[in-house]
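Number of protein chains: 2
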Amino acid sequence: MARATRPIPELYEAARAGERRALGRLLTKVERGGAEADQISELAHPDAGNAHIVGITGAPGAGKSTLVSRLVTDLVAAGRRPAVLAVDPSSPLTGGAILGDRIRIDEGNDPGEGRRSFIRSMATRGHSGGLALAVPLAVRLFDAVGYDPVIIETVGVGQVEVDVVGAADTAVVVMTPGMGDAVQANKAGLLEVADLFVVNKADRPGADDVRRDLSLMLDLSHMTGQESDTGYRPPIVMASALNGDGHGDVWTAVDAHLAHLDDTDTRSARRRHRIRTEVRARLLQAMSDAADHEMSSPSGTEWLSKAERAEIAPTHATDQLLEQLLQPTEETS
Amino acid sequence: MARATRPIPELYEAARAGERRALGRLLTKVERGGAEADQISELAHPDAGNAHIVGITGAPGAGKSTLVSRLVTDLVAAGRRPAVLAVDPSSPLTGGAILGDRIRIDEGNDPGEGRRSFIRSMATRGHSGGLALAVPLAVRLFDAVGYDPVIIETVGVGQVEVDVVGAADTAVVVMTPGMGDAVQANKAGLLEVADLFVVNKADRPGADDVRRDLSLMLDLSHMTGQESDTGYRPPIVMASALNGDGHGDVWTAVDAHLAHLDDTDTRSARRRHRIRTEVRARLLQAMSDAADHEMSSPSGTEWLSKAERAEIAPTHATDQLLEQLLQPTEETS
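Each protein sequence line maps, in turn, to chains S and A. Read in order, the letters of the first sequence are residues 1 to 333 in this note's numbering. Read in order, the letters of the second sequence are residues 1 to 333 in this note's numbering.
Misleading hints may appear alongside valid ones.
Same chains, same label: a pair holds when it works inside one copy or across any pair of copies.
Straight-line distance between alpha carbons at most 20 Å, and here's what the computed SDA-like set of lysine to any residue pairs gives [unchecked claim]:
| # | residue 1 | residue 2 |
| --- | --- | --- |
| 1 | K29 | T315 |
| 2 | K306 | A269 |
| 3 | K306 | P46 |
| 4 | K29 | G146 |
Treat the hints as calculated values from the structure; they're not laboratory data.
Sequences and hints are given; from them, build the entire structure.
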């Protein structure tokens, strides 16, 4: 097919004009990474910056997908064009099933006037470095072709996922009744990035305990969100996505947080933090590649062998490798 | 107290002579990182290399601590000197309780002839980079002062923890009856590093299902452990640490794996992999520090600002920063 060979700028213009297939192709290239992904990012960068970027995370089984589906339906009904990037740290064993569910949700959405939402699963396949690079690009692409809000849904386990959600305009952490959930979230560093908590499955026993625990942790730990200096305290919203309760309140709170960012002129700070996080991820990936390359070089292999034979300490091997890798630091004289 | 100011080489010799307090002080310095930690590593490196290093991981609540306590008691009874490094990604909220339990176990151990085991919790406090650096040093120190085996116990959630356990001589993954456990382990990359599976709480319903799932995943995915090329297939041991069943079988299987490494001359490959993992973690930490430094420099700040204002793409900002950071690659001409 001739369409398969359309150049990237043409695909990008088609996606801007609303062609879903073109957007899907671009997202696949973004997921794959490399030079084509970079080219897409560069094309999209000047057109992006309008969407409200919302990160939603929580433990597996917290009901994030159901909640997000409800939110998407509401947003479409309100005339908006939401995109969802479901970051899915799945094995091939489960990835298929999750993706299948998502596609059904997406297809069922607003069949009359054409689908206004776009839902995309992005699998990491154990390659979290790739995730840190691909997510900001996918978000930028959705933003640039006109989706708003862009919702990033992750499973809040790893540092990368926390970073991704923490770099959103609004970070939502979903909890459920169950022992230790607030503690787990705290461990993962989620309390520090949360702008809004949702206690989902709020009809279950223990929901009030979760709310109380969260409230206590917010009190005690002075973890009052990224905007604590502006007097913002992350609200706790009770919901039951499965029963259809509370999702309206969730989005009201999300909107209120955006209004707070605008009122306090702190939205640009989020944008700065997001760019910084993206550039840092790219730097670390490039440096990690350089480190692997150096470790496999003849001289690198020799230093590692010396350390293995206990002729030199691993600290010394590291210093030798670093000398080959890094530019000398320019000290202020 | 004069003892508090003993220089590191003196503390190290005291620890070699069996002084527990000196070892504890050194471990605190190792945990803290920096120049003193490096000095300890360099002192210990020539004396290390004798201990059997065993990594034990599994989800929270899998009963790892109870299992490890049983193993330690058995090992002491058999005349060995086990050390345990319990890597504990805890918040201050739970860290205390876990540490308290450990100390009780340690104190209760073999009071007659002086304690032969040493149990140490190492908290990460959300700083997983520090963990990747500190664990190999603590293991080396235990090894160098005469503990054998050295057991590293981690909660198998993050890549760092998987790396740590995967760099042991023998990697043990503890599972329990409960939906999705095998799938979760697979996601985390644990199946690929496991040399031995323990199905703990094997008296509970579903234990046979876990064994069957694991066995099937091993069959299907050709995930037959790091030694698959030597015909080794990770055994699955059923245990109930709380009831005191099966922990003898666990250690028998651990010993059998060590014998397999020796028989196939692959123990040195594990050692190589371990040194490589350690050096790589140190390289990445140093490079990450350099990246943060460069991003905060006047020129780095300027490039980031340009990207924030959408004057240049984040890819371009990254390239500019990398040029300041990395040595030019020497291409083969």
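Hint by hint, here is what the structure shows:
For a Cα distance limit of 20 Å, the shortest separation of K29 from T315 across copies, 16 Å, qualifies, whereas the shortest one inside one copy, 40 Å, does not. Taking the shortest Cα distances, K306 and A269 sit within 20 Å of each other only across copies (14 Å), while inside one copy they are farther apart (47 Å). When the C-alpha separation of K306 and P46 is checked against a cutoff of 20 Å, the pair qualifies only between copies, where the shortest distance is 12 Å, while the shortest distance within a copy is 50 Å. When the C-alpha separation of K29 and G146 is checked against a cutoff of 20 Å, the pair qualifies only within one copy, where the shortest distance is 19 Å, while the shortest distance between copies is 53 Å.
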